[in-house]
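Visitor: Work out the full structure: start from the sequences and follow the hints.
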Amino acid sequence: MVKINSFFHLLYNDLIKGVIQRYKYYLLALLFFSFVCFELGMRTNNSQCSIFDFVLKFFVGNEPFDINSNEKIDIPIIWIMFHSILSLIVGFYVSDDIKKSASALIIRVQSKRIWWSSKFVWCIFSVLVYYIVFIFTVILFCLIFGNLSIVTNTDITEKFFKIDISLIKDTDTILVFFIIPMISSIAISVFQVVLGLIIKPIYSFMLIVTIMVCSSFYSNPFLLFNFSMISRYNYFSSKSNITLQNGVVISICLIVISYILGMIVIKRKDII
Amino acid sequence: MEIIINNLTKKLSNTNVLDNINLKLESGKIYGFVGKNGSGKTMLMRAICGLINPTSGEIVIDNKVLGKDISFPDNVGILIENPGFIPSYSGFKNLKYLARIKNKISDEDIKSVISMVGLDPNDKKSYRKYSLGMKQKLGIAGAIMENPNLLILDEPFNALDEETVENIRNIIKSKKDKENIVILSCHDREEIENLCDEIIEIKLGKIVKIIGNDKNE
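Protein sequences, first through last, are from chains F and S. Mind the numbering: the first sequence is residues 7 to 278 in the working numbering, read in order. Mind the numbering: the second sequence is residues 86 to 302 in the working numbering, read in order.
No lab work stands behind these hints, which were simulated from the structure alone. The C-beta atom is built at its ideal place from N, Cα and C for all residues, glycine as well. Any given hint could be a false lead.
Listed below are the simulated DSS-like cross-link pairs for lysine-lysine, each with C-alpha atoms no more than 25 Å apart in a straight line [unchecked claim]:
| no. | chain 1 | residue 1 | chain 2 | residue 2 |
| --- | --- | --- | --- | --- |
| 1 | S | Lys-210 | S | Lys-220 |
| 2 | F | Lys-105 | S | Lys-114 |
| 3 | S | Lys-121 | F | Lys-105 |
| 4 | F | Lys-9 | S | Lys-149 |
| 5 | S | Lys-291 | F | Lys-275 |
Which stretches of chain F does chain S cover? Using the computed rule of at least three CB atoms under 8 Å from a CB of chain S, they are [what the hints assert, rightly or not]:
| no. | stretch |
| --- | --- |
| 6 | 10-19 |
| 7 | 114-121 |
| 8 | 272-278 |
Guide: Given below as structure tokens:
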């Protein structure tokens, strides 16, 4: 009971210091989402983008790199920006907190495990807030452009994103558009936080961005960012092993491994 | 309470920041760590708190080995560098938040300890607007508020005016009883000599001298 109480106290502390007092990062995200949505809305001449059309703008991704292809390399800037901002939000708070208040709080709760659990939940919460801000912005722009609908506009998807969205099963749509990208983002974020405890957070951030860029070139389920690129799913290429099942299993495995690894790392880490 | 440090060594980047420390600390005494910046005072305090893992040697607290039998000392109050308060909260709200973790003291106790260090418990000013001295006072209040058996204060007199220093001095003296160990570090040798029963001089991670101070016994 005391441990649960301590955990919630630390979590409360992390939510205030790590989310509410870092609202500027989320404002930056809001600006970025707004800019991209506005740009799509204008480019489509107000032809009433739906929620999924806007989401597709962020998550469509690109074709994997093909050495035999003559087409120029297409780098998914918006997709990279989306994940880079999230990486920036989660990447530095925990290591900052170790330098600032960890010793006082760990001593008070008498447990590094509780401290780490709080940071772990904070990280998940931060990703959820990021996605909530994202969805909020998309809904806002749907209202502005007058089509608060979840039905994709095939004219837009084919013209601007060059994919046939009808190939995705209706029952899978929410999973592909929201749930799996969010779960994979959580997995990558907690992994980044753990890496930041082992190496310097700036190196951890750079490593994650490198994995992100590699994911934009190669279609491989172990390059986890692939699960947030809708065009990489097996609906569009029968050979692709970017499937919903792989997405869920690999992400959950990485989340569990990161939690356990973080526990081991923090137990051995000196709080200096 | 008794703390025994046996052959404690801590190596960081191939440097011994603590080098074969042997020390016995007993309750009813105030211990003062003196030494230059980087001599290892804070590192030794952190080791006693269980915040760093020794490279070799051990710290035994009441017959329990730190890091094996217990993870952290029981009932410890610390002020080491950053107390980790929430910037948007007032002093009282910050201490109340911390006190609720253990739930041992009342709001009145918190207000009384805030007054004791010379702050106004009803001041609504947020911690981020506190001066350096006020932050230091609140840090000391946070360390002593639950009457810890082991009180560790790293440079408690930093940024304090003479009147407050005298006040904190009296508070530290009042914590000296049969149950408690007080450890503090300070650059000011004279301050340490006035307050402490034993002065432990640390240089390059080694204890170079332990001086008993009869005038405080």
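Visitor: Would the hint linking S/Lys-210 and S/Lys-220 be met if the CA-CA limit is 25 Å?
Guide: holds (12 Å)
Visitor: Mind checking the alpha carbons of F/Lys-9 and S/Lys-149 for me, to see if they're no more than 25 Å apart?
Guide: Holds: F/Lys-9 and S/Lys-149 sit about 21 Å apart, inside 25 Å.
Visitor: Are three or more residues of the stretch 10-19 of chain F within 8 Å, CB to CB, of chain S?
Guide: holds (count 5)
Visitor: Establish whether the coverage given for the stretch 272-278 of chain F by chain S is satisfied; the threshold is a Cβ-Cβ distance below 8 Å, and no fewer than three residues must meet it.
Guide: Contact hint for the stretch 272-278 of chain F vs chain S: holds, 4 residues under 8 Å.
Visitor: Is F/Lys-105 close enough to S/Lys-114, meaning Cα to Cα at most 25 Å?
Guide: violated (30 Å)
Visitor: With the threshold set at 25 Å, check whether the alpha-carbon distance from S/Lys-121 to F/Lys-105 stays at or below it.
Guide: Roughly 22 Å between the alpha carbons, so the hint for S/Lys-121 and F/Lys-105 holds.
Visitor: Three or more residues of the stretch 114-121 of chain F near chain S by CB distance under 8 Å?
Guide: Holds: 5 residues of the stretch 114-121 of chain F have a Cβ under 8 Å from chain S.
Visitor: Holds or violated: are the alpha carbons of S/Lys-291 and F/Lys-275 at most 25 Å from each other?
Guide: holds (23 Å)
Hint compliance for this structure: hint 2 is the single one not met.
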